[in-house]
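Visitor: Turn these sequences into a full structure, and let the hints steer you where they fit.
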Amino acid sequence: MTSTATKPVSTLLYRSRRLRLGSLLTLPLVWLVGLYIASLALLLATAFWRVDPFTSKVTPAFQFDAFEQLLSNQAYLSTSLRTLGIALTVTVVSAAFAIPLGIYMAKIASPWMRAFLAVAITLPLWAGYLVKILAMRVTFTEEGFFNSFFGVFGISGPGFSQTTVVLTLTYLWFPYMALPVYTAIRQIPVNLFDASADLGARGWTTIRTVVLPLLAPALIAGSVFTFSLSLGDYIAAELVGGRTQMIGSVIANNINLNPPVAAAFALVPIAFVVVYLLGTRRTGALERM
Amino acid sequence: MLRLTRGARIALGAVVGIVLVFMYVPLMLVIVNSFNAARIPSWPIEEFSLRWWEAAFANQALWTAVGNSVIVGLGAMVIALLLGTLSAFALQRFEFFGKQTVNLLIVLPIALPGVVTGVAFSNTYNNVLEPIGIQLGYFGMIVAHATFCIVMVFNNVFARLRRMSPSMQEASMDLGASLWQTFRLVTFPQFRTAFVAGALLAFALSFDELVVTIFTAPAGVDTLPLWIFNQMSRPNEATQVNVIATVLILLSFIPVYVSQRLTRAQEDER
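As given, the protein sequences belong to chains S and H, one line each in that order.
Just so we're aligned, residue -8 is where the first sequence starts under our numbering, counting upward by one.
Just so we're aligned, residue 368 is where the second sequence starts under our numbering, counting upward by one.
Hints may contain errors.
Stretch by stretch, here's where chain S covers chain H in the computed footprint (C-beta under 8 Å, at least three residues) [stated by the list, open to error]:
hint: 1; segment: 416 to 425
hint: 2; segment: 541 to 555
Here are a few chain S residues that sit away from chain H, every Cβ distance over 12 Å (derived from the structure) [claimed, not checked]:
hint: 3; residue: L68
hint: 4; residue: R73
hint: 5; residue: A89
hint: 6; residue: A126
hint: 7; residue: F131
hint: 8; residue: E134
hint: 9; residue: G145
hint: 10; residue: Q153
hint: 11; residue: P166
For each label pair, taking beta carbons as the anchor points, the in silico distance ranges come out as [unchecked claim]:
hint: 12; chain 1: H; residue 1: G380; chain 2: S; residue 2: L190; range: 18 to 28 Å
hint: 13; chain 1: H; residue 1: F424; chain 2: S; residue 2: P(-1); range: 56 to 66 Å
hint: 14; chain 1: H; residue 1: N470; chain 2: S; residue 2: A32; range: 15 to 25 Å
hint: 15; chain 1: H; residue 1: L449; chain 2: S; residue 2: A32; range: 45 to 55 Å
hint: 16; chain 1: S; residue 1: R9; chain 2: H; residue 2: F389; range: 31 to 41 Å
hint: 17; chain 1: H; residue 1: F389; chain 2: S; residue 2: D189; range: 33 to 43 Å
hint: 18; chain 1: H; residue 1: F555; chain 2: S; residue 2: N64; range: 49 to 59 Å
The set of hints was computed from the structure by calculation and includes no laboratory data.
Here a beta-carbon is modelled for each residue, glycine too, at the ideal position from N, C-alpha and C.
Guide: Rendered as structure tokens:
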């Protein structure tokens, strides 16, 4: 009885499982639901609101004008498709380089080289988002390094264009693909390679029939990052894209001028990301992240 | 063993070479360009000088921005540590209805594009809280940052809790320790490295965040990324940006070193 008297809180919590769970979950849920989800819901509700054509003030209403504007204007559709295309290209290019890099690191490199490459891939992750965009600007600007270096061979760089946006986003998110792919290749049991070789498979056959199928979960996990991070980005488009517009650019540009349109358009990347996440969730790859 | 022909090995090595060149040459160019006397990053560099370094270190606005970034990062980190650890314990130690949904809620702020998160918060601040007289101002930025930092702490602590056996805590409670004593003396030391790793990641994530800051920073307040972004948006004044970028590249060695140490410490603890 003495312990009950001296440690009332502990005893109470120990006795009630519900109270314990409640005391853990209340704060996080109040924050995430009360602040974040409520803000998101409110933003999406704005999509149905009315903009006064004279004062450009937004007033609560229930109308579909913003959605009609989105559907009737060809520019919004092409921006969505362009952004989707950029995000998919970034994902494919990242995977195309991550797989050979991972095979080299896991199977060919010496232990020293492997450790060096592991750090070399991770380091740029910490270098900062804008630092890397600046690096791409310095490289591809009109009178910059790329044009000056390759100009000797008669090659001129992409300048600030959609190609540079793809390159920049790949530059930003490549490590998120490379690391899981490398880890997955390292985790493949060595005897699978032995068995494949004993059965007479050459290197490429082993890679195609043994390694690649086992890489699927890692590729999916990596693609969640490369895809959704590219899809939502608009700073790269603004700083190295020339006139390239992405979904984010449209949202950012409209939020003050026409909030309902911005809010309605925000649904597009949310839909893309949710569909992509649900699609990948079925494969079970996310459990390993 | 994986049997590869000589040609295949060379081809794979070449890909690694291309990746390294693509990753590091642009960063080197930034470093070299911080010593470029010219106003635009032209190549080849004709005249080297330290003038942008001197200008950057004398720039009061830049230092204020750095200070703001540190304050916001620390604030977001503390909130994320509290909320991330609480939710990690809830989701690891309990089975309950809606567990998957809570998990999704924690991941959502980082899974959704920053522009959506930023616009959502600014909409709430400007159109809901301000009209009823609540001015979050500076704190609003910290709130927004903390929201997407929770997942960093959560992931690290959750993963560690999964590997910890609850029997130590049960033993501690059986021996008469209170919940708080048990947490402080038994549980916390077991997940301390994961806690620190989560804190580091949360701070780094906040320190580097631009998009959410664009929409939630009060007027006239710059964080470091915001300051860099504003400079970069005016192409001919971006000279000091190379300097601060060089410093950031050099600073990025610290977290890599710390994370290597933490990994080793974690292996020792096991």
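Visitor: Take a look at whether the Cβ-Cβ distance between F555(H) and N64(S) falls inside 49 to 59 Å.
Guide: The hinted range 49 to 59 Å holds for F555(H) and N64(S), with Cβ atoms some 56 Å apart.
Visitor: Between the segment 541 to 555 of chain H and chain S, are there enough contacts, at least three residues with CB-CB distance under 8 Å, for the coverage claim to hold?
Guide: Check passed, 4 qualifying residues.
Visitor: In terms of beta carbon proximity below 8 Å, does the segment 416 to 425 of chain H have 3 or more residues touching chain S?
Guide: As far as the segment 416 to 425 of chain H goes, the hint is violated, because 0 residues have Cβ atoms under 8 Å from chain S.
Visitor: Far enough from chain H: is every CB of that chain over 12 Å from the CB of G145(S)?
Guide: holds, 17 Å
Visitor: Evaluate the condition: distance from the CB of F131(S) to the nearest CB of chain H exceeds 12 Å.
Guide: violated, 9 Å
Visitor: Find the nearest Cβ of chain H to the Cβ of R73(S) and say whether that gap is larger than 12 Å.
Guide: Non-interface label stands for R73(S): nearest chain H Cβ at 15 Å, farther than 12 Å.
Visitor: At 12 Å, judged by beta carbons, does A89(S) keep clear of chain H as stated?
Guide: A89(S) not clear of chain H: closest Cβ-Cβ about 9 Å, inside 12 Å.
Visitor: Evaluate the condition: distance from the CB of P166(S) to the nearest CB of chain H exceeds 12 Å.
Guide: violated, 9 Å
Visitor: Is the nearest CB of chain H more than 12 Å from the CB of L68(S)?
Guide: holds, 18 Å
Visitor: Per the stated criterion, does the least C-beta distance between Q153(S) and chain H lie above 12 Å, as a non-interface residue requires?
Guide: Non-interface label stands for Q153(S): nearest chain H Cβ at 18 Å, farther than 12 Å.
Visitor: Regarding L449(H) and A32(S), is the given constraint of 45 to 55 Å on their beta-carbon distance met?
Guide: violated, 24 Å
Visitor: Measuring from beta carbon to beta carbon, are F424(H) and P(-1)(S) in 56 to 66 Å?
Guide: Given about 57 Å between the Cβ atoms, the range holds.
Of the numbered hints given earlier, the model fails hints 1, 5, 6, 7, 8, 11, 15 and 16; all others are met.
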